[in-house]
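S.K.: Given chain A, work out where chains B and C should sit, using these hints.
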Amino acid sequence: MSGFSTEVIDLRAAREALWETAPLVHCLTNTVVQALTANALLAVGAAPAMVDAPQEAGDFAAVASAVLVNVGTVHERTAEAMRLAARSAGKAGTPWVLDPVAVGALAYRTALAAELVELRPTVVRGNASEVMALAGAGAGGRGVDSTAGADDAGRAAVELALRTGGVVAVSGEVDLLTDGQRTVRVGGGSVLLTRTTGAGCALGALVAAYLAVTDDPLLGAVAAHAHVALAAERAARTAAGPGTFAPAWLDALDAVDGETLATADVRLTA
Amino acid sequence: MSGFSTEVIDLRAAREALWETAPLVHCLTNTVVQALTANALLAVGAAPAMVDAPQEAGDFAAVASAVLVNVGTVHERTAEAMRLAARSAGKAGTPWVLDPVAVGALAYRTALAAELVELRPTVVRGNASEVMALAGAGAGGRGVDSTAGADDAGRAAVELALRTGGVVAVSGEVDLLTDGQRTVRVGGGSVLLTRTTGAGCALGALVAAYLAVTDDPLLGAVAAHAHVALAAERAARTAAGPGTFAPAWLDALDAVDGETLATADVRLTA
Amino acid sequence: MSGFSTEVIDLRAAREALWETAPLVHCLTNTVVQALTANALLAVGAAPAMVDAPQEAGDFAAVASAVLVNVGTVHERTAEAMRLAARSAGKAGTPWVLDPVAVGALAYRTALAAELVELRPTVVRGNASEVMALAGAGAGGRGVDSTAGADDAGRAAVELALRTGGVVAVSGEVDLLTDGQRTVRVGGGSVLLTRTTGAGCALGALVAAYLAVTDDPLLGAVAAHAHVALAAERAARTAAGPGTFAPAWLDALDAVDGETLATADVRLTA
Numbered sequence: 378m379s380g381f382s383t384e385v386i387d388l389r390a391a392r393e394a395l396w397e398t399a400p401l402v403h404c405l406t407n408t409v410v411q412a413l414t415a416n417a418l419l420a421v422g423a424a425p426a427m428v429d430a431p432q433e434a435g436d437f438a439a440v441a442s443a444v445l446v447n448v449g450t451v452h453e454r455t456a457e458a459m460r461l462a463a464r465s466a467g468k469a470g471t472p473w474v475l476d477p478v479a480v481g482a483l484a485y486r487t488a489l490a491a492e493l494v495e496l497r498p499t500v501v502r503g504n505a506s507e508v509m510a511l512a513g514a515g516a517g518g519r520g521v522d523s524t525a526g527a528d529d530a531g532r533a534a535v536e537l538a539l540r541t542g543g544v545v546a547v548s549g550e551v552d553l554l555t556d557g558q559r560t561v562r563v564g565g566g567s568v569l570l571t572r573t574t575g576a577g578c579a580l581g582a583l584v585a586a587y588l589a590v591t592d593d594p595l596l597g598a599v600a601a602h603a604h605v606a607l608a609a610e611r612a613a614r615t616a617a618g619p620g621t622f623a624p625a626w627l628d629a630l631d632a633v634d635g636e637t638l639a640t641a642d643v644r645l646t647a
Numbered sequence: 378m379s380g381f382s383t384e385v386i387d388l389r390a391a392r393e394a395l396w397e398t399a400p401l402v403h404c405l406t407n408t409v410v411q412a413l414t415a416n417a418l419l420a421v422g423a424a425p426a427m428v429d430a431p432q433e434a435g436d437f438a439a440v441a442s443a444v445l446v447n448v449g450t451v452h453e454r455t456a457e458a459m460r461l462a463a464r465s466a467g468k469a470g471t472p473w474v475l476d477p478v479a480v481g482a483l484a485y486r487t488a489l490a491a492e493l494v495e496l497r498p499t500v501v502r503g504n505a506s507e508v509m510a511l512a513g514a515g516a517g518g519r520g521v522d523s524t525a526g527a528d529d530a531g532r533a534a535v536e537l538a539l540r541t542g543g544v545v546a547v548s549g550e551v552d553l554l555t556d557g558q559r560t561v562r563v564g565g566g567s568v569l570l571t572r573t574t575g576a577g578c579a580l581g582a583l584v585a586a587y588l589a590v591t592d593d594p595l596l597g598a599v600a601a602h603a604h605v606a607l608a609a610e611r612a613a614r615t616a617a618g619p620g621t622f623a624p625a626w627l628d629a630l631d632a633v634d635g636e637t638l639a640t641a642d643v644r645l646t647a
Numbered sequence: 378m379s380g381f382s383t384e385v386i387d388l389r390a391a392r393e394a395l396w397e398t399a400p401l402v403h404c405l406t407n408t409v410v411q412a413l414t415a416n417a418l419l420a421v422g423a424a425p426a427m428v429d430a431p432q433e434a435g436d437f438a439a440v441a442s443a444v445l446v447n448v449g450t451v452h453e454r455t456a457e458a459m460r461l462a463a464r465s466a467g468k469a470g471t472p473w474v475l476d477p478v479a480v481g482a483l484a485y486r487t488a489l490a491a492e493l494v495e496l497r498p499t500v501v502r503g504n505a506s507e508v509m510a511l512a513g514a515g516a517g518g519r520g521v522d523s524t525a526g527a528d529d530a531g532r533a534a535v536e537l538a539l540r541t542g543g544v545v546a547v548s549g550e551v552d553l554l555t556d557g558q559r560t561v562r563v564g565g566g567s568v569l570l571t572r573t574t575g576a577g578c579a580l581g582a583l584v585a586a587y588l589a590v591t592d593d594p595l596l597g598a599v600a601a602h603a604h605v606a607l608a609a610e611r612a613a614r615t616a617a618g619p620g621t622f623a624p625a626w627l628d629a630l631d632a633v634d635g636e637t638l639a640t641a642d643v644r645l646t647a
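Residue numbers (my numbering), protein chains in the order written: chain A, 378 to 647; chain B, 378 to 647; chain C, 378 to 647.
Isolated chain A, as found in the complex (with noise of 0.2 angstroms):
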């Protein structure tokens, strides 16, 4: 268990350092998932942006505390704004997140997020198809629902790990997390994630805020994915359906403290 004796600790002190640090994260993001993206972030104590103009991207990217690239909604504007800030915050040593939502499915999509892989994103969260498809492994699902499971994607995440020196987060019902070396898996959560439109991409901006407050990448995506569980879980314990889950989410966001946090189903498994 060498890097995760301690987890429990990490996943505490990493709950209370966001709460203390309010770092800045800088989200180009799909337009459609924007609002909850937001909410979220202020949900758990980060301080978001969406700034995606090209006369901006860059520059903002350079003093955020963290960066996400989320290709949902992707154009030629806003690939032009994230290729400018995924290399700002390469120079800049600013970590960032790239979430390639339904690439493999889209040839345009695909194209762009090949040529991000390229420029090491600290770690890439999707779903088994679009993390084997970015990975070369797989053809894609068919849009930005998996068609594969998490685990069936542990090869393929494990070598896009090795391929960009980061960490891959691949998102199932039992989340799988690697930087290649560790593997993590992080279970917990409900089905009401699933009818959440952008609780996905939403977790992509949290493992973003995690990352400007941990040293140890693997550690920030994984108490993000564990953050995103647990307040999944107390929501659907009050949630009337998926349209009350919402709401309820974000309150857990909130509530869910440093040690509700270690509480997590967190189990290094490699």
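Fair warning: there could be bad hints in the mix.
Only part of the chain C face toward chain A is listed, based on derived beta-carbon distances under 10 angstroms [what the hints assert, rightly or not]:
#, residue
1, 407
2, 413
3, 453
4, 483
5, 574
6, 617
For each label pair, taking beta carbons as the anchor points, the in silico distance ranges come out as [as the list claims (entries may be wrong)]:
#, chain 1, residue 1, chain 2, residue 2, range
7, B, 615, A, 492, 45 to 55 angstroms
8, A, 636, C, 558, 49 to 59 angstroms
9, C, 645, A, 564, 51 to 61 angstroms
The hints are simulated quantities; they were obtained by calculation from the structure and are not laboratory data.
Cβ coordinates follow ideal geometry from the N, Cα and C atoms, glycine included.
M.R.: Then chains B and C, alone, in the frame of chain A:
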């Protein structure tokens, strides 16, 4: 009542087919309502995907189960994506819905909508002003609100349906839907729908979802309108105001099953 | 207290005029907050319309009751639409609001906002950093959050108001509003407003709505701030966290009537 003598069974079957099939609905819609639209689709059991880059829209429309084109915040790039998606859907025989938001009030989108109508949408869904403007029968409203009643637009709807060879649905206190031969009225609903931004736009997406699982476009459009109306009545009973109505409505969209849908206020009137 | 000796009656009358008139508010605003903004306008009884294509923005601003220009996610196309809308509103004598989100922190939008200020917005609404940057009095904040207090910006607000001939409103723990001659403070509210993305942006839209129904821009701006603050207090009493606060706040925006608004913490201080 030919064509609707079995309407109770049909509505139930349509609802159940939606759950079983989980159709992929490709939405090119306005940025104000993307999140509510995606959540409404998820709530009824469909799979939303918002793809509006010209580089991707045509290819994606060809593989989607149904397509929604909503011109609410259209501009040059998205107009081009809409043209490509509509043409691609037509070529592939994929059903598609045109929602002519504020057409008649603004010249740019009115010209675009006239162009899209020539591509023969399976369903046009709008309010009375929009449908009348599209049919060339009126001068249009003052924006997104309708300034005419659904019944006033009845004649325009029939004319437009005969022109497109499809269905025209006019939202109002009582909704009116026609394929040029048969005219159906759907009652019920709640005034709170008019105080929730994007409820009408989400209805357009649900029409697309139902088109993917029914052979009769009029039945598909009626099922979507009935589903929205029943869910609104249910949500209005628990909501404390227009803000809590929206999540309650999503919960209710999920909760309305085939048996419930079969109780909708649906009348064949011509 | 000249100009505000009758403030209680004026606030009540403004609220009632809003319900009766249902002004059409044309919003050119950022994509993160469009849905909340539209829902807030609907909740208070106004009619929102988001139109930001250059082909339409000028024409639409001329027929709207009021216009909001918010530069939160501005880029080349929407900047052009904003210029056209602001010029058109000015020409038509239509009141318009400028919300200089993150101005001071980013060069591109700072230049745009400086240009828009020359077109003399009826009201500028921002936080202390933004107002100070716009007045040339500060170096700006780190993004969308203010790093200065509302009172620090008081002098800058007066200077800016004298320059535009309009009103400047500075949001903070206590809001400060001035037309260069009179200065008003509005207290109350809830910290949960700062944890809801777009609450400040929605306030800008409500200012526009109130401008459409009052002759005195300072009174209109004060009414909107008081309305938002009272609704926030009410919502904070029932919300379980930052997620359930947003729908409760929309409910409360609807519930605050003229009598309630007249109880707001509004003080003429200069």
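S.K.: Give a verdict on every hint.
M.R.: Each hint, compared with the structure:
For residue 407 (chain C), the suggested interface contact is upheld, since its CB lies about 7 angstroms from the closest CB of chain A, less than 10 angstroms. Hint status for residue 413 (chain C) relative to chain A: holds, with the closest Cβ pair at about 7 angstroms, below 10 angstroms. With a least beta-carbon distance of about 7 angstroms to chain A, the hint placing residue 453 (chain C) at the interface is held under the 10 angstroms criterion. Below 10 angstroms, beta-carbon pairs count as interface contacts, and residue 483 (chain C) has one with chain A at about 5 angstroms; its hint therefore holds.
At about 4 angstroms, the closest approach between the beta carbon of residue 574 (chain C) and any beta carbon in chain A falls short of 10 angstroms, and the interface hint on this residue holds. Look at residue 617 (chain C): its Cβ gets to within about 5 angstroms of chain A, closer than 10 angstroms, so that hint holds up. Between residue 615 (chain B) and residue 492 (chain A) the beta carbons are some 48 angstroms apart, a value that agrees with the proposed interval 45 to 55 angstroms. Against the hinted window of 49 to 59 angstroms, the Cβ-Cβ separation of residue 636 (chain A) and residue 558 (chain C) comes to about 54 angstroms, which satisfies the hint.
Restraint check, residue 645 (chain C) to residue 564 (chain A): a C-beta distance of roughly 59 angstroms satisfies the suggested window 51 to 61 angstroms.
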